[in-house]
Amino acid sequence: MKVEFKESAFDRLETDGKFTAGFTAGVVSAYRKRLQMIRAATDERDFYNLKSLHFEKLKGNRSQQYSMRLNDQWRFELHHGKGQDKVVYVFGIEDYH
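Numbering of the sequence shown is given in the working numbering, commencing with residue 141 and proceeding in unit increments.
Among the clues, some could well be false.
Said to hold, decoys possible - Distance condition first, Cα-Cα at most 27 Å in a straight line; then the derived DSS-like pairs of lysine-lysine:
no.	residue 1	residue 2
1	Lys191	Lys146
2	Lys199	Lys158
3	Lys142	Lys226
4	Lys197	Lys158
5	Lys146	Lys158
Said to hold, decoys possible - Simulated DEER-style distance windows between Cβ atoms:
no.	residue 1	residue 2	range
6	Lys191	Ser148	27 to 37 Å
7	Lys173	Lys226	13 to 23 Å
8	Glu144	Arg185	13 to 23 Å
9	Lys191	Lys158	24 to 34 Å
10	Arg202	Val227	15 to 25 Å
These are calculated hints, taken from the structure and not from any lab test. Glycine included, every Cβ here is placed at the ideal spot set by N, Cα and C.
The task is simple: from the sequences and hints, build the whole structure.
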């Protein structure tokens with residue numbers, strides 16, 4: 141799947157080894173691993189099959205978005221295209237506690 145970012149900082153967080161965007165090393169490492177998994181995935185069914193990701197649809201005014209867990213405290217929000225459009229848009233990283 142192709143990945144696009146809402147903000148350039150999310151792209152830089154994946155590609156620049158020294159850039160942390162203020163997150164801990166563990167969060168940055170998990171983020172990079174998740175993006176590798178997303179790029180290797182055929183479609184969103186691959187995410188649902190890996191229960192440890194806690195891939196879930198959000199509710200309310202964010203019902204078009206999904207979240208994927210980075211660790212016990214952090215997750216990131218994304219939106220994926222439907223049908224032939226195999227693009228995942230990364231919206232943000234949030235502390236949901």
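Structure-based check of all given hints:
Between Lys191 and Lys146, the direct Cα distance comes to roughly 26 Å. Compliance with the 27 Å bound is thereby established for this hinted pair. In summary, the hint linking Lys199 to Lys158 is not supported, as the alpha carbons are separated by about 35 Å, beyond the 27 Å threshold. At roughly 6 Å between alpha-carbon atoms, Lys142 and Lys226 fall within 27 Å of each other, so this suggested pair holds. In summary, the hint linking Lys197 to Lys158 is not supported, as the alpha carbons are separated by about 32 Å, beyond the 27 Å threshold.
Between Lys146 and Lys158 the CA atoms are separated by roughly 21 Å; this keeps the pair inside 27 Å, and the hint holds. The supplied range of 27 to 37 Å is met by Lys191 and Ser148, whose beta-carbon atoms lie about 32 Å from each other. Taking the beta carbon of each, Lys173 and Lys226 are about 20 Å apart, inside 13 to 23 Å as hinted. Checked against the hint of 13 to 23 Å, the pair Glu144 and Arg185 passes, with Cβ atoms roughly 20 Å apart.
For Lys191 and Lys158, the Cβ-Cβ distance of about 33 Å falls inside the hinted range of 24 to 34 Å, so the restraint holds. Remark: the range hint 15 to 25 Å for Arg202 to Val227 is upheld by a beta-carbon distance near 18 Å.
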